[in-house]
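Between the sequences and the hints, there should be enough to build the whole structure, so can you do that?
Given next are the chains, with one letter for each unit.
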Amino acid sequence: MSQPLVGAPHDRVEGPEKVTGEARYTADVVIEGLVHAAVVPSGIANGRIVAVDDSEARAAPGVIEVMTHHNAPRVSAAKPADSDSLLFLLQNDRIEFDRQPIAVVIAQSLEEATYAAQLLHVRYEADHPETNFDAAPRYVPKEIFGEPATHQRGDPEKAFATAPVRIEQTYRTPTEHHNPMETHGTVAQWNGEHLTLHDSSQWAFGVQRRIAKVFGIDAEQVRVIVPYVGGAFGSKGQMWSHVALAAMAAKLVGRPVKLIVTRPQMFGWVGHRPQTEQRVALGAQRDGRLVCVTHDVLSETSVSDEFVEPCAVFSRDLYAVENYGMSHALPRLNISKPTYQRGPGESTGSFAMESAMDELAYEIDIDPLELRLRNYSERQPDSGKPYSSKQLRQCYARAAERFDWGRRVPQPRSMNEGRLLLGLGMATASRNTHRTAAKVRIRANSDGTVVVACGTIEQGCGSPTVYAQLASEILEIPFERVRFEFGDTNLPEAPLAAGSQTSGSVGSVVVKAATWLRDKIADLGGTIPPNGIVLDVADEPGENDESYATQAFGAQFAQVVVDPDTGEVRVVRFVGAFDGGRILNAKTANSQFVGGIVWGISMALFEKTRYDARTARIMNANLSDYLVPTNADIPNPEVIAIEADDPHINPAHVKGIGEVGITGAAAAVANAVYHATGVRVRDLPITPDKLLV
Amino acid sequence: MNPFRYARPSSPSAAFTDFAGERRARYVAGGTNILDLMKIEVESPPLLIDINALALASIEVTGDAIHVGALARLTDVAENEQVRTHLPLVAIALEESASPQLRNMATIGGNLLQRTRCPYFRDTATPCNKRAPKSGCGALGGELRREAVLGTSEHCIATHASDLAVALAALDATVHVTGLSGNREIALHDFYRLPGDTPHVETSLGPGELIVAVSLPLLSYGARSTYLKVRDRAQYDFALASAAVALDLSGKTIRQARVALGGVATIPWRSLQAEALLRNAAASRDTFERAADAALAEARGRGGNDYKIPLAKRTLVRALEIAAA
Amino acid sequence: MLSRRRFFFRAAISTLAAEVALHFRAAAQRLPTVRPNDAAAGTSAARAITINVNGVERTMRVEPRVTLLDALRDRLGLTGTKKGCDQGTCGACTVMVNGRRIDSCLTLAVMHTGDRIVTVEGIAQNGSLHPVQRAFITHDGFQCGFCTPGQIVSAVALLNEGKRLDRDTIRTEMSGNLCRCGCYPHIVDAVLEAAGTS
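For the record, the sequence lines run as chains V, S and B. Each number in our numbering corresponds to the 1-based position in the first sequence with 808 added. Each number in our numbering corresponds to the 1-based position in the second sequence with 7 added. Each number in our numbering corresponds to the 1-based position in the third sequence with 36 added.
Derived by calculation from the structure, the hints in this document are not laboratory data. This one's a predicted model, so the numbers in the text were calculated from it and none came from an experiment. Just so you know, not all the hints are guaranteed correct.
As the list claims (entries may be wrong) - Here chain V is said to cover these stretches of chain B; the calculated rule only asks that three of the stretch's residues, wherever they fall, bring their Cβ under 8 Å from a Cβ of chain V:
id, region
1, 88 to 94
2, 106 to 118
3, 125 to 131
4, 145 to 151
5, 180 to 189
6, 206 to 220
Claimed, not checked - For the chain S half of the interface with chain B, some residues (derived, Cβ under 10 Å), not all of them:
id, residue
7, 8
8, 13
9, 39
10, 54
C-beta: ideal position from N, C-alpha, C; glycine also.
If you want it as structure tokens, here you go:
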């Protein structure tokens, strides 16, 4: 094949389905005899249920059953593993966060279930909820994703004390809810002791194992089918309570049950990015070379569970600095369990670190880009490992050139666009990328078509397209002859589709499988037997994977205008250059990078979950008051992919690219706002009220 | 939603007769507000009276006013050439409202009756004097970012949500209503009620009274008018502060002015104080700033909404600058 | 055109005046003897309604409280139209009613007897994709695809609205359709291309 397939800007193979409405998502699933479930969320954030009067709900038309902690099937809500979440499955009367599930109403129609859920009368004994991030008792977690939560190299404290230039600031990022356009949802059907779930999930196998634990059955008794996922961004990585509640309801009524989480309930039990407070201390020489970095992180967690937003991973692995210290501690609040959200840690951490770097650049009066170059690391500073590849220098150069960074007059409030203040800001992007074990089944049919099957999911990252590209290039057959099957635990096991690991993990085993098949067909003289060829192939990280530091990088440049009267900020231009390893599909990759930038802009300007500090009640649990950007808020980001072969990272030579785009983006916007206005906003989002000077 | 009876009368009289039979009924036209509130249990009428069959959607100029039927959709009014030419503040206020889809649904009459976006009003797990009289005000001491600084009471600080109503307050439009006790005309400044100790009473409409039309006076200087809406997002967002202004200029001197504020008050907030300061004054930033100070002189912030006072001032100054330019 | 409008307005006002007068007397006589529930108008029972969806007359039984969105999805099996918020805040449920785009979650099915509804399933004609659909594929105007049906219907309606479209007007006019994947620039590319070709 003369023309390389990998990297080509192929249209998504599921495009026609998605533009005609034929693509099926979980809520679209219809099963004979299906009934509808509505979750009743709690109205308090701490306390217990004293009494439930379900008589009115039960009397409402169409109601089949009302499931409360009095009659819910007894199951195990406990966490089988540290990585799992405690579930809230109506096993007791305790309430520990706002909108915790406290009952499920099952009725013939959605309207009947929804209305009857409103007729449940619950009496609470409310306790004072812990809502004070600053005052709540905090503790130091044992680890963060398998790494130490507190860590030091050199002696950052001593270095800071003697550093010629010092920056020490505190940055805050708010609670943020993922709000994929598709809310979570599950369709549960029992057949004897066998359970079939249709579920909107990033990890069919995780759901399979967890739900089996809940019911005390074998994982083999559970089949999880994941139709197209309408966005997730981390929120569908865990199995949350409603999945089990749907299965419990189906068991209780002996019918298949559809349970769709409502938009306000998306602020309940399905995870969120925790708010953080980050103290960043930089010590530097007058020429900008860092002598020490300290990054101390507080991030909220829930009363009975643990999640750490690993903000300091970003600063730990980025600049060449001898003395470094980091810590993470967790205040416990009456909130639902936080979880990973696009670029966990590195998005929030980069806001703090890259804002601080901008402050340092102003302090010593050097160009912010030059400051980054003076601290460029050729090896990963903490591990000392070589990078599998690092094109960050090229990212800086190409993005700066495209952006025309050279036109920037450093003085704040020195540039204008008409009567508006103009600001230019930049930041570094970085995201660790790893791979884990994955399996695929490859099958060659006698008609020359090939099916690659893997139980991963499609959430918009382009899986069915890019894996077909990878396989067809190796097999030297037209792209159209390869089909990728996904979304079912009956297929070979895939890892969690998150953490920028899927293309590295699944992609690598696709490469292995396609290579095997190519050789096998060659062995057979180029022919495929009538009953085809099929093989299950597995791959996992080997020793080689441990020898290199594997990170995606980027350079983010933002141009904003700020209305000097009203403080309204609009991002008018954005350029991002990224080192994402080998690009599998230029078109879908561009969308991933752009999407990340959009999330960064959103984080900078819009998103914040607003709690009532007295009650821990979320007061903006809808998409009118919890703001995500509209089309009018987003410019046309220019994305440059700096490609370079990375043979060390994994057999597919790819880095995960779904998350690097958000990292640094909020800082670039915040730095641009400072440049425009002279106001350094250290607590996100940057709203007009913070710029009224 | 609660189960409800549905009626689709073909005349206004049939509509308010239906209402007379069920005083807890609600009218529905565009549906964008009442159905939303029914879904979140803030409203649960036993009867919904669909007034879309009434012939009340026309827009026409008669003498000194543009008469807009209550069922005219926001899109239609925003695109009307007469409105665009003579009363740009109305056209802009409409264009800056909601989304294209919602503007195709929502009606002029319904928009005037749009309920507050106060999060406590919209959340039945919290107290709210407007939703449940005497239950208390959840917003006081709570999440205040969107709450009002003008026209508040100890019982309610909910911000009025409509953009259009702010423009109409500046114009002092006339609301035409009909009901069992006949037809009446209500000047906009009499239409909205301050919350006081009865925040659940929001307008001077009687039970079952139906808005049939709104007259927009063709202010002689209406062409020199604007509506400025300040918000977090560039589109599809409620105002943090807004200003509707019209200026009658003679050279650099202001002969007359109209000023109303939105996003900061419990009702669409016309400021006669600001208008008085502008009258016969020079059209300068200094004048505008004094007018803005006057408009917000009685404003009261409660912490989380303190920023609205300077923001509303700046918004008004900027709107006046735009109108004067 | 203007005179037609004027006619309708006057007709409405005069009918109104006559009715109000008539009703006034009738009400005065009747009201004291009427118990509210006896005068109850309408019914909450499910009723058969017929609406024209994608050119086909469809009859279904629905309670008054069933939204047009749920009627399309749950009663007619047209699941292309999506429920993103059910509160008129996201645009995923956008359909056209008599040629205009609306949010189908904030209107009742019973309010649309006799209306012409077009959903995403009715955009392609005779098995051939609409230029907007083709442009969304070419420009990668979607990732997860969940908001896409609403975006497509909204874009088709926008093209029919006859406005001059450039990047900025498209951004504004498409702002009623949220996309969380962040495909906005590509959506604008797609609408621009379709505006030039359709």
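Can you verify the interface hint for residue 13 of chain S: is its Cβ closer than 10 Å to any Cβ in chain B? 4 Å, holds
Closer than 10 Å between Cβ atoms is the bar; does residue 39 of chain S clear it against chain B? Give me holds or violated. 5 Å, holds
Holds or violated: is the Cβ of residue 8 of chain S closer than 10 Å to a Cβ in chain B? 4 Å, holds
Outcome, coverage of the region 145 to 151 of chain B by chain V - at least 3 residues whose beta-carbon is closer than 8 Å to one in that chain: n = 0 at 8 Å, threshold three: violated.
Checking C-beta pairs, does the region 88 to 94 of chain B have three or more residues closer than 8 Å to chain V? Since 0 is below three, the answer is violated.
Mind checking, does the region 180 to 189 of chain B have 3 or more residues with a CB under 8 Å from chain V? Holds, because 7 residues of the region 180 to 189 of chain B bring their Cβ atoms closer than 8 Å to Cβ atoms of chain V.
Three residues minimum, CB to CB under 8 Å: does the region 125 to 131 of chain B make the cut for coverage by chain V? Let me know. With 3 residues in contact (Cβ-Cβ under 8 Å with chain V), the coverage given for the region 125 to 131 of chain B holds.
Annotated coverage of the region 106 to 118 of chain B by chain V, confirmed only when three residues or more have a Cβ within 8 Å: holds (count 9)
Can you take a look at whether the region 206 to 220 of chain B is actually covered by chain V? Rule is 3+ residues, C-beta closer than 8 Å. holds (count 14)
Restraint: residue 54 of chain S near chain B, CB-CB cut 10 Å. Satisfied or not? 6 Å, holds
In terms of the numbered hints stated before, the structure departs from hints 1, 4, listed from lowest to highest.
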